[in-house]
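A.B. asks: One letter stands for each residue in the lines below.
There are 4 protein chains.
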Amino acid sequence: MMIIMKPNATPEQIEHVIQHIKEAGLNVHLSQGVEATVIGAVGEAHSIPTERFEGLDGVEVVKRITQPFKLASRQFHPENSIFPLDGFQIGANEIVLIAGPCSVESRSQILETAQAVREAGANALRGGVFKPRTSPYSFQGLGEEGLEYLAEAREETGMPIVVEIMSQTQLDLMLKYVDVFQVGARNMQNFNLLRALGETRKSVLLKRGLSATIEELLMSAEYILAGGNKQVILCERGIRTFETATRNTTDINAIPVLKNLTHLPVILDPSHATGHADYVTAVARAAIAAGADGLIVEVHHDPAHAVSDGKQSLRPEKFADMVKQVRAIAEAMGRSIAPIKKPVAVGW
Amino acid sequence: MMIIMKPNATPEQIEHVIQHIKEAGLNVHLSQGVEATVIGAVGEAHSIPTERFEGLDGVEVVKRITQPFKLASRQFHPENSIFPLDGFQIGANEIVLIAGPCSVESRSQILETAQAVREAGANALRGGVFKPRTSPYSFQGLGEEGLEYLAEAREETGMPIVVEIMSQTQLDLMLKYVDVFQVGARNMQNFNLLRALGETRKSVLLKRGLSATIEELLMSAEYILAGGNKQVILCERGIRTFETATRNTTDINAIPVLKNLTHLPVILDPSHATGHADYVTAVARAAIAAGADGLIVEVHHDPAHAVSDGKQSLRPEKFADMVKQVRAIAEAMGRSIAPIKKPVAVGW
Amino acid sequence: MMIIMKPNATPEQIEHVIQHIKEAGLNVHLSQGVEATVIGAVGEAHSIPTERFEGLDGVEVVKRITQPFKLASRQFHPENSIFPLDGFQIGANEIVLIAGPCSVESRSQILETAQAVREAGANALRGGVFKPRTSPYSFQGLGEEGLEYLAEAREETGMPIVVEIMSQTQLDLMLKYVDVFQVGARNMQNFNLLRALGETRKSVLLKRGLSATIEELLMSAEYILAGGNKQVILCERGIRTFETATRNTTDINAIPVLKNLTHLPVILDPSHATGHADYVTAVARAAIAAGADGLIVEVHHDPAHAVSDGKQSLRPEKFADMVKQVRAIAEAMGRSIAPIKKPVAVGW
Amino acid sequence: MMIIMKPNATPEQIEHVIQHIKEAGLNVHLSQGVEATVIGAVGEAHSIPTERFEGLDGVEVVKRITQPFKLASRQFHPENSIFPLDGFQIGANEIVLIAGPCSVESRSQILETAQAVREAGANALRGGVFKPRTSPYSFQGLGEEGLEYLAEAREETGMPIVVEIMSQTQLDLMLKYVDVFQVGARNMQNFNLLRALGETRKSVLLKRGLSATIEELLMSAEYILAGGNKQVILCERGIRTFETATRNTTDINAIPVLKNLTHLPVILDPSHATGHADYVTAVARAAIAAGADGLIVEVHHDPAHAVSDGKQSLRPEKFADMVKQVRAIAEAMGRSIAPIKKPVAVGW
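Residue numbers (the numbering used here), protein chains in the order written: chain A, 492 to 839; chain B, 492 to 839; chain C, 492 to 839; chain D, 492 to 839.
Next comes chain A alone, as it looks inside the complex (with noise of 0.2 Å):
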């Protein structure tokens, strides 16, 4: 970390902040320049927040040299995270096609919608059984009841279940049932949640919160791998912005700065980033070709029944189409979709 003051900081304001850094366990580094004094605090500063050092008289500006997260970087782990999921693998050449309703709404709706998906082209299946809503008059989500129809549909079309997780209360249930757990955007900075999902060994989807910094998302990754938890797949669902034309502002530039600096695998979600079923495709080629390793689509088989999301829902044959302009992207950049697993059962 690099504390420079201001140009006319006392020699005594300076030899405070150096008995800051050593309190602070790091070693000190002076240098008295022409126009500001440069004092280096060397050491395992990622632990340290730079805030410690910023309120110090005569201390002009302190910048981190090394990143704020450790466990996230590609700095000290530079191939990709690469981990499987059931039947295929997310972080690898393979692009991961994650499809599925907003909320679970009832036994024939998801496991006709989960059949539709996987025919076209899906590798997992997503679907909300306990729903943020911003209204507490607005449908709450099916619980258990929604997860058992869940794994229903994972026997049925051999696709692994992501569902999200809105506390950890929800833990243990959700452990016997799901296969990814979702963090969603609102939660993002549920630090005890993100804490309790690092004990499990269960792979976490962990979505960007409305106005949170890609750093952000990357220390809040920092909480999930602290606790020895390796599986975490980034998302990217929109940020909010100005603009009102769409629900959020796809930020399509956090897809290669996060392959940049992390090696972890990045998806996007075009239904939440754009609210419109009209956009969706285009935003999901773009994703592709900006370097993502996967999607998550809201796909509902009748939409202007969805209980949830339905303006921002695909049908299925518009989701099989999706697929297919998706494909052609990720071939041109020498990448393939990853293969749907074969058929478990398919009596239903």
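Rather than coming from a laboratory, the hints here were simulated on the basis of the structure. Remember, predicted model here, so these are calculated numbers, not experimental data. Heads up, some of the hints might be wrong.
Pairs count within a copy or across copies, as identical chains cannot be separated in the list.
[Claimed, not checked] Below are the DSS-like pairs computed for lysine-lysine, each with C-alpha atoms no more than 30 Å apart in a straight line:
(1) Lys513 <-> Lys693
(2) Lys497 <-> Lys721
(3) Lys497 <-> Lys513
(4) Lys809 <-> Lys497
(5) Lys809 <-> Lys554
(6) Lys667 <-> Lys721
(7) Lys513 <-> Lys554
(8) Lys513 <-> Lys809
(9) Lys554 <-> Lys497
Use these hints to put chains B, C and D onto chain A, whose structure you have.
C.D. replies: The following block gives chains B, C and D in isolation, referenced to the frame of chain A:
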């Protein structure tokens, strides 16, 4: 709710929307215009999300007439909500000052700060014992030990204590100690936590999320109110924008907008809203001039050694000066600072 | 335009709004609902700002049915606008690549770069001679001298030249040299300049402002179109958000949204949209995958010595690599890169 | 300027940076740290953009020590800039109130409004005659006719007039009429216009752009100051954020931040900053409490018939009430409202 159809909407699409309105338990009021058809959906519409209709074919836009929040709305509760804290009232003509350190760091620190802010004019004591830190490697709070120190500070000074809760798993422990639960910006949409707090009968200080709209803040308040807990205090603490000269951007507009929309008390946190001790006093004055019912301010007896938020913490003497300036503004507004409760025990 | 009245609007307020609609030359279509009265204002409403009615007593909200832009709208012009530049077309199936330095710095620099980008596959040459610099102390451009070098580069390479105009006082001079006028982000709402360009019959490349909505971009295009100049190219170049990892945030959603709303060609500037040479290629690929009709890219033969934007400029060989990758994406989209015009003179 | 090299920067890269610093006319101060090398670039660095070094290989980050603005900086001009307007001073202890309609619409409208705001306590009259309208189809202002009416209003009331200039082509005409040139938010980085105004010796009221940082506002002021015109008034008028409850978000932090960074007078425009007449007074009070030197407020004698900005315009009687409330806050701050000049001619 008014559903405005596209100019070229077909009769089938209109019929389809009408069907959906009826399925939602609402009544239909159809109005065929020259340019567009408008369909009113009349009834208990506040519990129905607009997205339920936005995705339907032929729909141009859906516009609420009634607000999506009801218990929080001034429409149904025109007079201010006033509720007592230990020794004073919030939401009334008197202005409430909550002050204290970001984190409880030690027994002596919190006792010393409590006495100092009390003497300077504070009405309540803040102090964090569970800390939402961006980095898993940062200090995470003293936990129950911190609660015990806070309880001791309350006993000595007579001030009620305001403490942040991060997870419903902390609820039982904290219920034994705290007077006001604080919900931090990162948890404003932790709906499980809000619901759990709605079940208690303790005051909740709800901070606006970094990128939450004013309407979303009120919807989160609605979660608590819907559980039967009427004691919700709203807190503007700065939003995230492109400006980097300050830690956040104080949305001062939010004060009169909230006072217009809701009967709940509204306070401001100038420490987080600016991020710099140098700007806290000016923004504290502005908040009161804009109509806020109180302030929550970070004060530390030795900011240079604070384990968190030192940069934005006032020294007690600077806080005392802030109180003087705020008092002058309050008087110009025809208000006053809530009186300091008589000391309980000054044996320290 | 639909004017939705507040639930408690009085008959006098409704009558007042009706009067206003008539004064604006529009016809009235009244619809008395159960919850609210809706008043349609029918006629040439696109020329009337909604604010004309928003401030009236009793008005809840004013909603346009017809778009406020007309000449730019796909509603009235369903097929793509295609117009010829020197040797190729823009807006058609072929993708256009505009490349060159941020600033023209010297004769040799621009001639050398022009040859290099042309060989790499560029169709047009960009280069600034009047530079909008944040600081009055920064290099402000070579002025007419720069235009002469650009003209020489055009003669040598056969590529049309794209040059930024900052003020209508530069128009007469520039008309003698440039093929395409570029309007920079900071001048997107310099309405006097837009109007002046509307009087010309040269193509205009209109960049989106840093915080301009998509609708505002189209309204600015409307200023040029209203003058009779039909040759407007829209350019997404990143918007300003809270994210600081990149210079701007590429709003990739804007590509499909614009292609849906307007018939005008849409291109993307990955250099400004990211601010880092390392991320330009990934975002260039994403733009084409999202449906953009072209790219404008900063290329410098020696970025380390560029007087401006060196950090985001590609070296010619890196640009050539970008073209290869973009070509693969274009082909996956069923499109191609516009062919390079045969050289005119290679005596240099 | 401090250039911090990446931890793994090579000696060649360091040498290359040193070479660049020397080419820029600066002196080098090298400091080889344990973690990183820091190179100081010492001298007239404020005129050199940081990007000149940011793109060089091996550079981690470039940090200015001296501010990029110089004439605007309080560092070199510690006492407040105070300059006289017709009959009162701006930047001194007295608070200045500028009021009037968005647009001059007719002779009677501006004369009537001028008298009304003067009686209510205004010190100067605003009114637009060239209007920057988003739509080419909206009213664009009365032009010179409007200037004549304004001149007549000045003669009658004795108030100086503040008028927006949109282009340097309007300068000669306007010089004959106006006392203060207003530069609107959309033109804050119209550098040609700023430069032209720097050549005049009339006061310039410079509004912050919708997405301009505080530093960029000061750099734009620097353009005017660099031309020798010392009379620049800075104006916060709300920035663009995700919040849609108000037209813009008032950045109240900007008031103390600007007062800290610069010696120039700082005022606030609560009309544009909120967009709603109902919120103007609260934000006007907040501005003065935060330390602003004045206000510019939209007042219309009949907002329902205003051709622009009716929604945010105060009726004269509401403005008079606002003045009363602002006066109380000013007095609490130890300041006063600048006195109204004795009437010159009241024959109207």
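A.B. asks: Regarding Lys497 and Lys721, is the shortest C-alpha distance of 30 Å or less found within a copy, between copies, in both, or in neither?
C.D. replies: Between copies only: 28 Å across, 42 Å inside.
A.B. asks: How would you classify Lys513 and Lys693 at a CA-CA limit of 30 Å: within, between, both, or neither?
C.D. replies: Classified as neither: same-chain Cα gap 40 Å, cross-chain 43 Å, threshold 30 Å.
A.B. asks: Is it within, between, both or neither when you check Lys809 against Lys554 at 30 Å Cα-Cα?
C.D. replies: between (48 Å within a copy, 28 Å between copies)
A.B. asks: Taking 30 Å as the upper bound on the Cα-Cα distance, should Lys667 and Lys721 be classified as within, between, both, or neither?
C.D. replies: within (20 Å within a copy, 37 Å between copies)
A.B. asks: Can you tell me if Lys513 and Lys554 fall within 30 Å by alpha carbon in one copy, between copies, both or neither?
C.D. replies: The answer is both: 17 Å in one copy and 25 Å across copies each meet 30 Å.
A.B. asks: Indicate which option fits the pair Lys554, Lys497 if close means a Cα-Cα distance not exceeding 30 Å: within, between, both or neither.
C.D. replies: both (14 Å within a copy, 12 Å between copies)
A.B. asks: Treating 30 Å as the Cα threshold, decide for Lys513 and Lys809: within, between, both or neither.
C.D. replies: between (61 Å within a copy, 28 Å between copies)
A.B. asks: I want to check one pair: Lys809 and Lys497. Are their C-alpha atoms no more than 30 Å apart within a copy, between two copies, both, or neither?
C.D. replies: between (59 Å within a copy, 22 Å between copies)
A.B. asks: When Cα atoms must be at most 30 Å apart, do Lys497 and Lys513 count as within-copy, between-copy, both, or neither?
C.D. replies: The answer is both: 20 Å in one copy and 24 Å across copies each meet 30 Å.
When each numbered hint is compared with the structure, a violation occurs for hint 1 only.
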